[in-house]
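If you read the protein sequences in the order shown, they are chains A and B. Residue numbering for the first sequence follows our numbering, starting at 1 and increasing by one per position. Residue numbering for the second sequence follows our numbering, starting at 1 and increasing by one per position.
It is possible that part of the hints are untrue.
To give a feel for the contact side, a few chain B residues facing chain A, derived at Cβ under 7 Å [claimed, not checked]:
#	residue
1	A30
2	G39
3	I413
4	E415
Think of the hints as simulated: they come from the structure by calculation, not from any bench. We put the beta carbon where it would ideally sit given N, CA and C, even for glycine.
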Amino acid sequence: MRAIILTALLALAAPAPAAAQSFLGYRALGYPVFASDGRAVGTGNLGIGLAGTELSASDPAASAGMLLPTISLTMQPTWGTFEVGDESGASNTTRFPLIGIGFPVRQARGVATFSLAGYMEQRWAGRRTDLIDLAGRQVLAEDEFETSGGASVARFGWAQRIGPVVSVGVTAGAYVGRLEQFFERTLDTLNVPTDVRSFNEERRWRYGGYNLAAGLSLDPHELVHLAGTVEWSSDITEHPRPGTRGQNHYSIPLRLSGGATARLTPRLAMNGSVAYQDWTGAEGFPDGAVSALALSYGGGVEWTAIQAETRSLPLRAGYRRIAPPFRYGTQDPVETVWSLGVGVNFVELEGRRYGWMDLAVERGSRTSHPLTERFWRATISLGISRS
Amino acid sequence: MTHRSMPAPALAAAAALLTIGGCTDEIPTATRDELVQPGVAVEVTLPYDDFVTSTAVHGGYGRASQLGGGVVAHEFGPGPDEEGVEGPGLDAATLVRFAQFPRTITVVDSAGTNRIDTLPAFESAEILVRFDTVGSILDGPVEIAAHRVREDWDPVSADWDFAVDTLGALVPWSEPGGGEVEQIATAVWDPAAGDTVQIVLDSALIEEWKDSTVTSRDVRLSTNDPGVRLRVTLVRILLNTVPSINPDTLVRLPVATTAATFIYTPRPRAPGDALRVGGAPAWRTIFNFNVPRFLSGHPDLCDALGCPVAINADQISYAGLQLTTLAGSPAFAPSDTLILDVRMVTAPDFLPKSPLGPSTLSRRGGGILAPEVFRPPAGHVVEIPVTELVRDQLRGEDPAGGPVTSALALLSILEPWSIEYASFAGRTSESRPSLRLILNFSRGG
Numbered sequence: 001m002r003a004i005i006l007t008a009l010l011a012l013a014a015p016a017p018a019a020a021q022s023f024l025g026y027r028a029l030g031y032p033v034f035a036s037d038g039r040a041v042g043t044g045n046l047g048i049g050l051a052g053t054e055l056s057a058s059d060p061a062a063s064a065g066m067l068l069p070t071i072s073l074t075m076q077p078t079w080g081t082f083e084v085g086d087e088s089g090a091s092n093t094t095r096f097p098l099i100g101i102g103f104p105v106r107q108a109r110g111v112a113t114f115s116l117a118g119y120m121e122q123r124w125a126g127r128r129t130d131l132i133d134l135a136g137r138q139v140l141a142e143d144e145f146e147t148s149g150g151a152s153v154a155r156f157g158w159a160q161r162i163g164p165v166v167s168v169g170v171t172a173g174a175y176v177g178r179l180e181q182f183f184e185r186t187l188d189t190l191n192v193p194t195d196v197r198s199f200n201e202e203r204r205w206r207y208g209g210y211n212l213a214a215g216l217s218l219d220p221h222e223l224v225h226l227a228g229t230v231e232w233s234s235d236i237t238e239h240p241r242p243g244t245r246g247q248n249h250y251s252i253p254l255r256l257s258g259g260a261t262a263r264l265t266p267r268l269a270m271n272g273s274v275a276y277q278d279w280t281g282a283e284g285f286p287d288g289a290v291s292a293l294a295l296s297y298g299g300g301v302e303w304t305a306i307q308a309e310t311r312s313l314p315l316r317a318g319y320r321r322i323a324p325p326f327r328y329g330t331q332d333p334v335e336t337v338w339s340l341g342v343g344v345n346f347v348e349l350e351g352r353r354y355g356w357m358d359l360a361v362e363r364g365s366r367t368s369h370p371l372t373e374r375f376w377r378a379t380i381s382l383g384i385s386r387s
Numbered sequence: 001m002t003h004r005s006m007p008a009p010a011l012a013a014a015a016a017l018l019t020i021g022g023c024t025d026e027i028p029t030a031t032r033d034e035l036v037q038p039g040v041a042v043e044v045t046l047p048y049d050d051f052v053t054s055t056a057v058h059g060g061y062g063r064a065s066q067l068g069g070g071v072v073a074h075e076f077g078p079g080p081d082e083e084g085v086e087g088p089g090l091d092a093a094t095l096v097r098f099a100q101f102p103r104t105i106t107v108v109d110s111a112g113t114n115r116i117d118t119l120p121a122f123e124s125a126e127i128l129v130r131f132d133t134v135g136s137i138l139d140g141p142v143e144i145a146a147h148r149v150r151e152d153w154d155p156v157s158a159d160w161d162f163a164v165d166t167l168g169a170l171v172p173w174s175e176p177g178g179g180e181v182e183q184i185a186t187a188v189w190d191p192a193a194g195d196t197v198q199i200v201l202d203s204a205l206i207e208e209w210k211d212s213t214v215t216s217r218d219v220r221l222s223t224n225d226p227g228v229r230l231r232v233t234l235v236r237i238l239l240n241t242v243p244s245i246n247p248d249t250l251v252r253l254p255v256a257t258t259a260a261t262f263i264y265t266p267r268p269r270a271p272g273d274a275l276r277v278g279g280a281p282a283w284r285t286i287f288n289f290n291v292p293r294f295l296s297g298h299p300d301l302c303d304a305l306g307c308p309v310a311i312n313a314d315q316i317s318y319a320g321l322q323l324t325t326l327a328g329s330p331a332f333a334p335s336d337t338l339i340l341d342v343r344m345v346t347a348p349d350f351l352p353k354s355p356l357g358p359s360t361l362s363r364r365g366g367g368i369l370a371p372e373v374f375r376p377p378a379g380h381v382v383e384i385p386v387t388e389l390v391r392d393q394l395r396g397e398d399p400a401g402g403p404v405t406s407a408l409a410l411l412s413i414l415e416p417w418s419i420e421y422a423s424f425a426g427r428t429s430e431s432r433p434s435l436r437l438i439l440n441f442s443r444g445g
């Protein structure tokens with residue numbers, strides 16, 4: 001238990017989750033965070049339907065088989081480039097998209113869970129230079145706008161195994177996080193008196209709203225695992241902080257997701273997952289900002305290369321095709337990602353992991369004309385169980 | 001079931017990864033119009049009644065003696081002042097008090113050794129006067145007269161009419177302009193030949209002044225050539241001395257002044273409506289500001305944002321007090337650049353003696369006015385930046401959180417700066433002061 005506490009303290013001491021770095025969604029809530037651990041990333045999974053016990057933010061029933069208190073942390077450094085029109089650039093960041101805790105309650109034969117997962121994040125800066133008319137004179141004005149922050153979801157949940165085949169799970173979550181926007185205008189002092197100050201304005205909001213999810217998983221056969229989740233959300237509200245005006249509301253459509261894992265050989269498993277979320281009717285967004293695409297899917301394989309008595313080393317590969325909810329211009333965005341991964345299960349007994357590290361590397365791109373972004377992304381997850 | 005503890009290397013790896021995680025962060029940045037909704041910049045000019053509740057001109061700050069130089073003038077610039085009231089030309093004289101002559105000097109003897117000579121012989125002497133060639137107004141050579149001042153005078157408070165003009169004592173000259181004086185000598189300063197003139201002292205005066213018990217070595221410098229106004233920058237006596245140790249050598253010893261001031265007449269008349277800044281003693285103009293917190297009636301602003309528009313300190317990128325220059329009395333017309341400052345009046349109830357807040361222009365500049373803008377017919381619009389003070393007023397406190405008042409003082413950057421002063425159109429003029437504001441508003445990204 002002390003190891004769990006120690007790791008939790010490490011998590012608290014770590015830098016706050018950095019933002020996703022994409023221009024997608026600059027007119028809306030930003031770019032969706034893929035809050036899954038290294039195993040799901042490596043196998044191309046959307047965070048639902050992987051066999052075995054998991055701490056997942058998007059699969060409420062996945063923790064039902066947990067026997068010991070467990071914590072997992074996930075870190076994602078990302079290195080990206082972008083092209084927008086004839087301009088190109090680079091970005092990099094590191095984020096902590098997922099922290100999960102599971103605590104079995106033996107008397108109830110269930111597992112209490114907590115997770116803090118990234119949801120939508122935005123961090124980018126834009127500049128423009130323009131000649132403006134100031135009392136009949138043309139004055140050069142340089143504007144810079146920077147936005148930083150994002151929404152996360154803090155979820156408390158309960159996962160319950162019902163017999164040997166069925167597990168269920170529910171979560172109730174709240175949107176947390178903040179958004180900061182900074183605007184600066186500099187007027188060319190050659191055309192106006194020397195004492196002109198640049199204009200700065202900072203605006204801050206905090207996110208609010210809540211989120212409910214229910215999941216079901218089935219193990220109808222020892223070689224097959226199935227899972228499904230329905231997730232409902234209230235509006236996300238941007239509450240202005242002192243000094244900022246304007247409260248914004250955004251409706252979040254229902255999200256349906258499902259996944260399955262099939263064990264092909266004792267060491268080889270294949271998974272597939274799909275998520276559906278139709279944003280076209282969502283309210284609060286500027287016209288033309290949301291994508292008409294609603295379906296995301298992914299799949300991959302996991303092959304246990306080394307299997308010792310209490311340890312194993314699985315290798316993973318996968319592919320995902322994501323439909324981000326918000327456009328850059330008028331074209332619906334699509335993100336495609338190829339991934340490779342490796343797991344080091346330090347302690348594994350009877351198919352349950354008690355100490356592990358999962359690594360995954362992704363190469364992906366996303367496009368929404370005139371924007372193209374490419375990235376390399378690493379995902380590192382650590383999990384620890386203690387009695 | 002058994003379980004094993006988490007290996008220590010895994011914990012170490014976790015700590016390392018968490019540490020590495022926060023190392024680098026490069027935000028994507030693009031120059032794209034669609035990413036930034038442009039802000040709205042609007043320039044508006046507030047008329048006098050929209051931002052000023054009252055103005056007042058106060059005089060008497062500082063003394064002529066604080067200028068550190070002198071003025072010599074005669075019948076300079078007769079004519080109307082900024083309100084058309086005729087005035088005589090300026091008469092001004094510089095008063096100086098010289099230090100004791102040296103009783104010993106150090107000279108090099110024939111052996112090359114420095115020795116102290118206690119019996120130097122003062123062969124001759126002259127008063128050296130240096131003028132500011134740029135700040136002086138004259139058409140050609142000017143005769144400078146040196147008179148000996150016989151009456152006691154206070155170097156700090158003396159003026160044309162009074163030898164002593166302090167709170168506890170008021171001692172008039174026996175005759176205005178330095179009392180009864182005794183001419184010492186005259187000399188002609190030709191500005192084409194240099195910036196100095198030397199006025200030769202006679203031997204009797206040298207003999208009298210070398211006596212260390214004499215306390216008054218006071219001289220008045222003046223001129224009778226009409227239409228000139230000269231700035232004196234340096235006055236000293238040069239003693240041509242023969243050392244007793246080495247009689248073949250002539251040594252020039254300087255004797256500095258212990259006090260200097262200038263006296264002049266007439267005193268500028270206090271303006272009725274015009275605004276005035278500068279002079280010696282100096283004038284200040286006090287504005288009581290009342291900057292509106294809502295603006296309407298400005299088409300550019302209303303078209304962009306709708307009216308009325310609430311404004312706050314952060315939206316003021318620039319505020320300039322626009323003043324229209326007047327041609328003031330020619331006697332005190334600026335001949336050189338004036339540097340003005342704007343400072344908050346921290347205790348308006350104590351005006352004209354209220355302390356002032358810190359300078360707002362000394363570091364940023366912006367209050368520099370060329371003399372040409374005051375030459376007839378004048379009428380030039382000049383702008384004095386008051387951005388910080390307007391922002392403070394809208395904010396209700398200064399940047400350090402201190403209190404602010406509505407009163408602003410327009411003054412020269414040092415008081416006194418020169419005998420010259422600047423005049424501006426006042427409240428009843430058609431060219432009343434106005435306030436130019438450059439406002440910025442954002443519309444986000």
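Here is how each hint holds up against the structure:
| no. | hint | in the structure |
| --- | --- | --- |
| 1 | A30 | 5 Å, holds |
| 2 | G39 | 5 Å, holds |
| 3 | I413 | 15 Å, violated |
| 4 | E415 | 22 Å, violated |
In terms of the numbered hints stated before, the structure departs from hints 3 and 4, listed from lowest to highest.
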